Every structure is written in C-alpha cells, then in structure tokens.
Amino acid sequence: MYLGFKEIWRQKRKFSLIFVITLLIVLLSTLITGLADGLAYDNGASLRELEVDTFHLAEDAEGQLTRSFIESPTPETFTPLGVKPMTLVHGTKKQDATLFTLPADSDIGPELALAVGEVIVDPSFLGDVQIGDTVKDFATGYTFTIVGTTDGRYSHAPVIWASSDTWQAYQSTSGQPAYVSAWLGKDTSSLETLTKQQVVEAVPGYTAEQGTFTMMRGFLLFIGAFILTAFFYMLTLQKLPELGILKAIGIRSRLIGTALVSQVMVIVLIASILAAALTSIVTIIVPDGIPFRFDIGNVFVYSAIMSGLSLFGMLLPLWKLRKLDAADALGGIGQ
Amino acid sequence: MKLTNITHAYDSQPVLQGVDLEVKPGECIGIIGPSGSGKSTLLQILGLLKQPDAGRIELEGKDLLIADEEERRLLRLNEIGFVFQQAHLVPYLTVREQLELVQADSDSKQDPLRLLDVLGLSHRLNQLPQFLSGGERQRVAVARALVNRPRLILADEPTASLDFENGRRVMELLAAEARNHNRRVIVITHDERMLDVCDRVLLLQDGKLQPSPRH
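Residue numbers (the numbering used here), protein chains in the order written: chain A, 1 to 335; chain B, 1 to 215.
Any given hint might turn out to be false.
With a straight-line Cα cutoff of 35 Å, these simulated DSBU-like cross-link-like pairs (lysine-lysine) come out [unchecked claim]:
no.: 1; chain 1: A; residue 1: K196; chain 2: A; residue 2: K247
no.: 2; chain 1: B; residue 1: K109; chain 2: A; residue 2: K12
no.: 3; chain 1: A; residue 1: K247; chain 2: A; residue 2: K6
no.: 4; chain 1: B; residue 1: K62; chain 2: B; residue 2: K109
no.: 5; chain 1: B; residue 1: K24; chain 2: B; residue 2: K50
no.: 6; chain 1: B; residue 1: K50; chain 2: A; residue 2: K239
no.: 7; chain 1: B; residue 1: K62; chain 2: B; residue 2: K2
no.: 8; chain 1: A; residue 1: K136; chain 2: A; residue 2: K196
no.: 9; chain 1: A; residue 1: K6; chain 2: B; residue 2: K208
no.: 10; chain 1: A; residue 1: K12; chain 2: B; residue 2: K2
no.: 11; chain 1: B; residue 1: K109; chain 2: A; residue 2: K247
no.: 12; chain 1: B; residue 1: K24; chain 2: A; residue 2: K196
no.: 13; chain 1: B; residue 1: K62; chain 2: A; residue 2: K196
no.: 14; chain 1: B; residue 1: K109; chain 2: B; residue 2: K24
no.: 15; chain 1: A; residue 1: K94; chain 2: A; residue 2: K136
no.: 16; chain 1: A; residue 1: K247; chain 2: B; residue 2: K2
no.: 17; chain 1: A; residue 1: K6; chain 2: A; residue 2: K93
no.: 18; chain 1: A; residue 1: K12; chain 2: B; residue 2: K62
no.: 19; chain 1: B; residue 1: K50; chain 2: B; residue 2: K208
no.: 20; chain 1: B; residue 1: K208; chain 2: A; residue 2: K12
no.: 21; chain 1: B; residue 1: K109; chain 2: B; residue 2: K208
no.: 22; chain 1: A; residue 1: K196; chain 2: A; residue 2: K186
no.: 23; chain 1: B; residue 1: K208; chain 2: B; residue 2: K2
no.: 24; chain 1: A; residue 1: K239; chain 2: A; residue 2: K6
no.: 25; chain 1: B; residue 1: K2; chain 2: B; residue 2: K24
no.: 26; chain 1: B; residue 1: K24; chain 2: B; residue 2: K62
no.: 27; chain 1: B; residue 1: K50; chain 2: A; residue 2: K6
Looking from chain B toward chain A, a few residues come up when the C-beta cut is under 7 Å (computed) [claimed, not checked]:
no.: 28; residue: L49
no.: 29; residue: R76
no.: 30; residue: F82
no.: 31; residue: D105
The hints are simulated quantities; they were obtained by calculation from the structure and are not laboratory data. Since the structure is predicted, the reported quantities are computational estimates derived from the model, not experimental observations. Ideal Cβ placement from N, Cα and C applies to all residues, glycine included.
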C-alpha cells in the first residue's frame with residue numbers, strides 16, 4: 001500500500017488533477033441531489049411531517065388534496081384534514097399560501113390550540129407581514145390573524161396552519177358546501193385510500209420535477225463515473241510498462257494491485273469527505289429562497305458508485321499485466 | 001548453470017534452435033549477435049520470463065522450467081538479477097527505496113546502504129530517479145539487481161543508453177560482481193568495446209550459440 005501512497009505524495013500534480021475531477025463529480029452529484037431533495041421537501045413538507053401514513057381522499061380527486069372535496073361527515077375513527085390554496089392580501093401586497101387545518105386536539109400535526117381565525121405560518125410567509133398582523137383571503141374576504149410560526153411547505157408555497165374550527169368558519173363565509181379534503185387514519189373507508197408517499201407524489205408538478213432531477217442525477221452519475229473510469233484506466237495503462245518491470249523482477253502482483261486499489265480508495269474517500277464538507281457549507285450559505293437539503297447517505301452512495309467504477313477502470317488494464325509478455329513489459333527490447 | 005537444447009519459435013518462425021550453454025560461478029559471459037538473432041529471447045528464457053518450446057535449464061541441479069508461476073517469481077526475485085537497456089527505475093521511489101522495494105519480499109539481509117556506497121551512490125540515497133544522471137540511474141539499476149545477492153545476473157544491453165565512460169564502469173561492475181562474489185553474469189551487448197571485461201564471448205547466430213571467432 002505504501003507504494004500507492006508514495007506515488008500520490010511524490011506525483012502530486014498528476015494526482016491533484018484526478019482528485020479535483022473526482023471531487024467535482026461527487027460534489028456536483030451531492031449538490032444536484034441536495035437541490036432535488038430540497039425541492040421535494042418544499043413540495044410536500046407539510047404532508048411528510050404529518051404523523052399519519054394513510055389518507056382517504058375523494059374518488060375523483062386523483063390523489064390531489066386540493067381537488068378532494070368530501071362532504072360526508074368525518075367518522076369518529078378518522079381525523080379531518082382541510083387543505084385550501086389561497087391568495088392572501090395584506091395592504092396592497094398579495095401572497096400565495098395553502099391553508100392546512102386539523103382539529104385543535106389532534107396530535108397528527110403541529111400544536112393548534114388556536115382561537116377561530118388565528119393561524120401559525122411558515123417563516124417564509126413572513127416579511128411584508130409580521131406576527132400579529134392580519135391577512136385577508138382574496139376570494140372570500142375572510143381575515144386570518146398571524147399568531148406564530150411553524151415550518152410547513154406545500155407545492156412550493158408556504159403553509160398556514162389553523163384549527164378545524166377556523167376551517168368551518170372560513171367555509172361558512174365562502175358560500176360553498178362544507179367539506180374536508182381528506183380523512184386521516186388507518187381504518188377502511190369507502191373513499192380512495194392512499195399512502196402518504198402517494199399523496200406527496202400527487203402534489204401538482206412533484207412527479208415531473210423529481211423525474212427531471214432523477215434524470216439529471218442519472219446522467220451526471222453515468223458521465224462522471226465514465227470519466228473517472230476512463231481516467232483511472234488511462235492512468236494504469238500509462239503505468240503498464242513500469243508495472244511490467246516490477247513484475248519481471250519478481251515483485252508480487254498483490255503488492256502492485258494493492259498499490260493501485262489503495263490509490264483509488266484514498267482519492268475517492270478524501271474527495272467524498274471534502275464533497276460532504278463543502279455540501280454542508282452550501283447548506284448553510286444557500287439563500288433562503290433556494291430549497292436545499294443535505295443527506296449524508298447520498299454521499300455514501302455516490303462514493304460507493306465512484307469507488308466501484310474507478311476501481312473497475314483502474315484494474316481493467318491489469319488483465320493485460322497478467323498476460324504481459326516480458327518483451328512488452330521491458331519496453332520494446334529487440335530480439 | 002546449464003542450458004540444454006533450448007528451442008523457441010515465434011509464429012512457427014524458429015529463433016532458437018538448440019541452444020546449449022554452461023555458465024560456471026564467477027564467470028562473466030558476453031553474448032553478441034545480429035539484430036533479430038534471438039538474444040533478448042534467450043535472456044528472457046534464462047530470466048524465467050518466457051517459457052521455451054523445448055529444452056532444459058538447470059541452476060545448481062534444479063530444473064527451473066518445471067517451476068510454477070509463483071516459484072518462478074521467487075526465483076526471479078532472489079536468484080536472478082536483471083539489468084535492462086534503460087534503468088527502468090520506479091519514478092516515485094528514491095534510490096534507497098528502489099532497493100528496499102526489491103528486498104521487501106525477499107530473505108535478503110544485505111545492507112542496501114553498503115551496496116550503494118560500493119557503487120558510489122551513497123550521496124544520492126534520497127534522490128528520485130529524475131534527479132540522477134543516466135550513469136547514476138543505471139548504477140542504481142545494477143544495485144537493484146544485486147541487492148538480493150542473486151546467483152545469476154542477466155544484463156540486456158546495459159550500456160546502450162550510456163556514454164563510453166559510464167558504460168565501461170557498469171560493465172566493470174558486473175564483471176567484478178561475477179569474480180568477487182562467485183556469481184554468473186551474462187551480458188548481451190552490441191558494443192564490442194565492452195567485451196574485453198568478459199571471460200568468454202559467444203555469438204548467437206542461426207539460432208545457435210558458438211564461440212565468437214573475433215574474441
């Protein structure tokens with residue numbers, strides 16, 4: 001192994017180049033994944049945070065909460081969830097948000113011991129409006145008072161949470177028949193039963209957005225891994241005469257192989273650790289408007305893929321070394 | 001060491017056609033021959049890097065050609081020293097480390113520092129090959145070939161990349177190794193000015209070895 005480390009240490013320029021490319025590929029992969037995960041979270045955070053796995057929606061809603069109107073009374077074994085996208089007005093400023101409601105005594109979502117008309121909002125909703133301000137629903141004129149904050153996003157918009165009492169009061173002013181968007185709970189019902197993941201995936205734009213990112217990640221990994229494989233392949237190919245000489249003078253193949261493997265592992269490992277550190281820094285400095293989430297597990301996955309393919313690229317030419325004729329190894333010495 | 005009736009062909013084109021050779025301990029033998037006559041092939045067969053089509057190689061009574069791959073590797077490491085046309089040093093190892101690498105897997109207890117001192121390289125111990133002159137590099141290659149105290153030293157055009165003075169020095173070193181340490185040295189060279197250090201000069205022609213008529 002010391003052979004591999006000595007080569008890295010004494011040929012820093014060559015290995016720095018490989019290291020930087022490896023680092024950039026792993027970093028780019030984690031950054032794209034961070035953005036994809038951030039957007040995924042931004043699209044359905046309020047749903048993901050709910051302490052429930054089973055949703056019952058209207059049959060014709062196609063899994064979308066905002067299209068689900070259940071006018072039947074909610075059975076006692078279920079918890080009613082209200083979801084309503086709206087445009088809220090404060091003075092001359094308008095802002096989109098989604099109203100989520102649960103019974104005040106429910107422990108499925110955030111603490112909602114609020115008076116009728118009171119809401120707690122996602123911090124991103126604050127800016128032009130502050131806690132204590134009132135905002136008015138543009139469609140119905142119903143007024144909400146902001147009394148606190150709680151994290152929650154739905155379909156890339158901030159969520160405002162209220163109790164089911166506020167939901168009923170709001171509906172009485174809208175002139176629509178009373179409804180809820182979903183029943184939450186494990187019991188069977190006559191409605192369409194969906195898992196939380198299915199409901200998240202039905203959020204408008206979610207699947208298309210994640211599909212795009214999945215494709216980007218796939219191409220990035222494929223191209224990145226291909227570049228690294230080619231790089232390490234060329235590196236070994238370049239060293240083949242030197243390795244042939246070592247083999248000719250009786251150095252163990254295992255020593256040569258260990259040197260090559262240790263080089264790949266050290267480069268990919270350090271690049272991955274640095275990529276993880278840099279991604280953590282990005283998580284801190286990224287502006288609030290850009291949803292970004294860092295999952296260390298992704299770094300492990302990408303490192304494993306990069307290590308595997310780099311090893312493949314590096315060890316591929318060793319098949320040649322196994323069968324290497326001395327004349328080839330010794331660099332074209334004539335007969 | 002004894003070679004008996006060694007034959008070898010490339011794509012049914014015969015190169016060696018019954019080579020016989022006996023090398024005694026302490027003997028330095030020069031082999032000459034026209035290009036393509038099979039000199040390097042013979043050296044590779046002697047160095048257990050290539051299997052001949054037929055024949056027998058004995059070193060102190062042991063048939064080397066029946067050894068398996070691992071045995072051949074150990075023989076190359078411990079019993080045979082190679083010196084090539086180019087030094088072929090590992091570019092990222094210092095002079096001292098070049099020798100330690102070869103010693104690492106062997107039972108050799110020779111002090112590499114003493115050997116490098118004898119070869120006039122003690123002041124270059126921690127230098128990388130890129131900072132050595134051509135002559136120094138080739139002397140390091142000789143040191144690498146000698147460090148495990150091999151019984152057979154094979155040199156393929158060891159002076160080809162050197163000027164006359166440095167080439168002469170390397171040849172004298174090899175001949176001295178044979179005489180002073182009872183080793184067998186076989187040198188292939190095109191440079192006939194170097195052959196006077198050898199005990200015998202053989203000509204490889206038409207696939208057979210014979211005494212050179214001019215030496």
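Going down the list of hints, with the structure as the test:
no., hint, verdict
1, A:K196 x A:K247, "violated (60 Å)"
2, B:K109 x A:K12, "holds (33 Å)"
3, A:K247 x A:K6, "holds (18 Å)"
4, B:K62 x B:K109, "holds (24 Å)"
5, B:K24 x B:K50, "holds (22 Å)"
6, B:K50 x A:K239, "holds (21 Å)"
7, B:K62 x B:K2, "holds (10 Å)"
8, A:K136 x A:K196, "holds (31 Å)"
9, A:K6 x B:K208, "violated (45 Å)"
10, A:K12 x B:K2, "violated (48 Å)"
11, B:K109 x A:K247, "holds (21 Å)"
12, B:K24 x A:K196, "violated (86 Å)"
13, B:K62 x A:K196, "violated (77 Å)"
14, B:K109 x B:K24, "holds (25 Å)"
15, A:K94 x A:K136, "holds (9 Å)"
16, A:K247 x B:K2, "holds (25 Å)"
17, A:K6 x A:K93, "violated (65 Å)"
18, A:K12 x B:K62, "violated (46 Å)"
19, B:K50 x B:K208, "holds (18 Å)"
20, B:K208 x A:K12, "violated (50 Å)"
21, B:K109 x B:K208, "violated (39 Å)"
22, A:K196 x A:K186, "holds (12 Å)"
23, B:K208 x B:K2, "holds (15 Å)"
24, A:K239 x A:K6, "holds (15 Å)"
25, B:K2 x B:K24, "holds (9 Å)"
26, B:K24 x B:K62, "holds (15 Å)"
27, B:K50 x A:K6, "holds (31 Å)"
28, L49, "holds (3 Å)"
29, R76, "holds (4 Å)"
30, F82, "holds (6 Å)"
31, D105, "holds (6 Å)"
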